[in-house]
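**Q** Listed here are the chains, written in short residue letters.
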Amino acid sequence: MRRKATKFELWSVAVAAFVMIILLPALNATPTGSFLHVSNFTINLYGKYLCYGLLAISVDLLWGYTGLLSLGQALFFTLGGYMMGMYLMRMIGDLGQYHKPIPDFLVFLGWSSLPAFWKPFGSFLFAFLMAMLLPGTLAAVFGFLAFRSRIRGVYFSILTQALTYGAMLLFFRNSLLMGGNNGFTDFKFIFGYNLREATTQRGLYIVTALTVLIVFLICRWLSRTKFGLVQQAIRDSENRVLFSGYAAGNYKLFVFVLAALIGSVGGMLFVPQVGIINPSEMGPDKSLEAVVWVAVGGRGTLLGPILGAFGVNAFKSWATRAYPDLWQILLGALFVLVTLFMPKGLVGLPDQLRGVKNRFVARRKNGTNEPAAAVSAAPEEMAKTE
Amino acid sequence: MSTTNPKFILMLEDVNKAFDGFKAISNLTLYMDEGELRTIIGPNGAGKSTMLDLITGRTKPDKGKIEFGKDTDLTRLNEYQINRLGIGRKFQTPSVYIDHSVFENIWLSLKGSRAVWTTIFARLSSDERDRIHDVLNTVGLSDKAGSKAGSLSHGQKQWLEIGMLLAQDPKLLLVDEPAAGMTDEETHKTGELLLSLEGKHSIVVIEHDMTFVRQIARKVTVLHQGTVLCEGTVDEVQNDERVIESYLGRKKKAA
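Quick note, the sequences are listed as chains A and B, same order.
Note that the first sequence ends on residue 386 in this note's numbering; no numbers are left out.
Note that the second sequence ends on residue 255 in this note's numbering; no numbers are left out.
Chain B with its partners taken away, still in its complex shape (with noise of 0.2 Å):
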């Protein structure tokens, strides 16, 4: 993390999206502090998964700007050369490489040439072996380096893909849901693990669960209809009338 240059990591400037006519991102602008933790919330629908794929190339915007660090355009970029930039994306449903070993997970993953040629000529070396034991030590997965990945549990998955993040030492964490489908434990230890990363890497965390959001929220953004309704802490957030209508408020009542 630079101190010495204050810029935005990441900023989104007036972005449009539109999916046949629906409008799943209205004007939407958002910034980012290099280093910082956010926390978006926002009801079904709201375009938190339509703004991560736009931000990693999955979809273009049909107008506005979307920059990363210092005045990279992402709107030209595809998935991986965004990826290479140094932007790491964890899906909502853990996608890891089920036939592989958590190891080889990771492997694939660390930093490094990603060419035909190179990989097909690649050894694993001493120094890829220790980062990726760091990493699996990290994410709480030591013991299961050997095992398959596909025989791994819900909330392990969730890890590894954490970790595969890691391994490509981003600088931007982009973090779907990450507790989704995970016992009350496991949503605990996850926000930990992100907690401990604040700071090394920059992270957006998308979340439903309020009870993680209060674990983890240094500020909240709340998006609603494709655009920000409101930023602050989350107590500020949940104060804000509103908020309270549009989405806290009706959780409460089912709550």
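Chain A extracted, bound-state conformation (with noise of 0.2 Å):
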């Protein structure tokens, strides 16, 4: 069965890659009259949705892949975001509300000069390393005491929410000198392009669309190494694999980490493309999204968490459009339908139907209306999901 869906799969990511890198970044650039052409607002949006998604694999990596219901996975996502955020604040120079060569917001908390560990983040590369370290070393430490006090389970999913809460009320306080409540905005430059500039967003979209493609395949080729069976064998039965000599410990927080790093990447494109980053990203309401759109989208699938990103919050701009007094009550209907009828989400809705087509066609070889025949909704997966 997996084999079958190998090939299957291969052909839609490929399919999907080609899309989404090469000929929606190209139709963006034919001129705007063109009837082929696919609107700077639109290259914008699905950027942000790619993103997103990179933070969905986050969430499902832990979740779907390992058993961890992280729901504090935004916090390293605006980790890398504020990171990432440092960096542009420092390349808008002096050319800020204030004409002073530092932030705005230093200007009118009374500073003259940068504090000194704003300094190095007039470097990309400091602010990618420190994107890096800050949300890894923070899941390690944090992962480490979590894991080694063997807190699974409801424990672990309020730990995390905990933290992801306290770290926004840090990060709203003005005295961090991150910008307090109205966190970073008003970029100007990357890497010396004009962040206004059409061509300077699409760029930004085809790395986060060719980001979204090696995560992917990263994760994808882990979870088929014997690393991941163990992985997915904790998910399981982790009682099997201690007793079975492996230190689970070890392997959430391996997964742990990797998975805040993957988060980290999805906010550090997310910020020049949405152009602010605010603690309120870190609210718990933010994680527990992340895992909407996984569980729409399909756990313990790669393709799932991407498809729910985008397909929630694409369901989620037309819905705030089309119903703004509404959208909520859709979203949460939407997510208890999904849980409800869909436990593989849209990933397993083709397994799901070809299992009712199935059953509909036995019945009718069979000439009978037999209950037994008409089960809903396949008993196996029901066990799964316990």
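Don't read these hints as lab results, they were simulated from the structure.
This one's a predicted model, so the numbers in the text were calculated from it and none came from an experiment.
Cβ coordinates follow ideal geometry from the N, Cα and C atoms, glycine included.
All the pointers check out, no bait thrown in.
So these bits of chain B aren't anywhere near chain A, every CB distance computed over 12 Å:
| # | residue |
| --- | --- |
| 1 | T75 |
| 2 | L197 |
| 3 | M210 |
| 4 | I244 |
If we take Cβ atoms under 7 Å as the criterion, some of the chain B residues that face chain A in the derived model are:
| # | residue |
| --- | --- |
| 5 | R89 |
| 6 | D99 |
| 7 | S109 |
Relying on the hints, combine the two individually framed chains into one complex.
**A** What follows is the structure, given as structure tokens:
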């Protein structure tokens, strides 16, 4: 079964990669009046969704593959965003409102020169290293403590939620010198290119789409190694893993750090395309939303989270415009319906439909209406979600 | 099995363990020879599973000595460290990796490095492939190698789990109610499987089913209220006054 799915999966990935990485940017480059033209708005929107896709993969690596439901993944996403934001703030130079060589909010707080920890962020390389080191170290320390104490299940979820909430409160403080509740905005340049130019945004979009592809391929490879098998074994029977001589905690720690890094990369790409980063991105609701994307797309798969992040956000942006008063209810209803009727999400839909068709055909052949033949939604699937 | 060293493979001395004041294990003393097949019986709540928890590091004793082989103190080690010494445990309810194939279940259990980095770059060698097929032959699941473990019957899952223990090539096998939920035929087959392992490994079997116990038992230890009531052959044990009173007698009447 796994083999059969592989060929189809690879083809769909190849097609999707071609469309997202080459076709869409090419169409965006056509003149504005052309009927083939894809608007800058669309490119920018899709770029944002793809960043969310990285966040969703990071959630799924933990939840779908290791059985660790993290409700705080947006924290790592936002931390990456902040590190990128610091670099972008430095790139504004003296073009801010106050025309001082330091970011506006620092002028507002009474600073006349850069605080020491801001200085190295003039280098992108440094910002990138920090975007790996800070979330990576935080995840390593938190994960080490949590997994050493064998914190599992709902307790782990609650702790991750508390962690992101605590970080949010910290970042709201002006004294942290990270922009307080306004965060960072009004970015102007990245690598010397104007962020308001369509070509710059198109470039960022292409980099994002490529990053998603690379992360996808790495995770896909990893999930098929013996490591990946152990990871999924921890999800299905952690005791068996422990009593087979594996230090399950080390495996969880590795995945937790890797997921934090992937989330952080998503945040780094998110900020220059969206143009703002503030502490509300660390709110527990943001992490919960990411869990919804994964559930809708199909957890325990790698296409699922990307599809879910894309689909749910597209649905959300349509619903907020079409039904501004109802969109939250619609989103909630979507989540409930998917959980109830599509336990494997969008990705599992073809299999599910095939199952329904097979049962229908079988019933036709028997010529009976036996209730036994009409068992709802494959009991095997139900058992697996437990 | 080395006969040059007649030391006990497992030794529990004066072990005590209480949960919230309830004495699950009290002054438990038990010795096991290398290569021995030992059956442990006892009524519900006699402390059989708690004893396995104590040996395998899942819980720590309040008092007492638990040693493995040549003076290895098990009370200081955790589950995976104890497993790496060569102690394999089968749980009462079958615990296998339902989403992996039967073959992969055994592969993950094969003796070898358990470090994160080595598993990332591990490749299945032809030697490993052979060993996996050997194990599958032993437990009679060769034709199921490619099936998902989740699709196996209850009895087959129990055998798969025993196979996963064998793949670890343990010195000591701890088997908790292997026949639970099996048909008579499956139970008999399980008994034969365990008997075929006798001598190659030291085995502790915890069991309720007296027919099964009769099939496999050499030396039987009866646990009652967390301590050893008596030891001997099935007949000796079944004729022991205290045992009849505490356990078998009641059971006989019930049956």
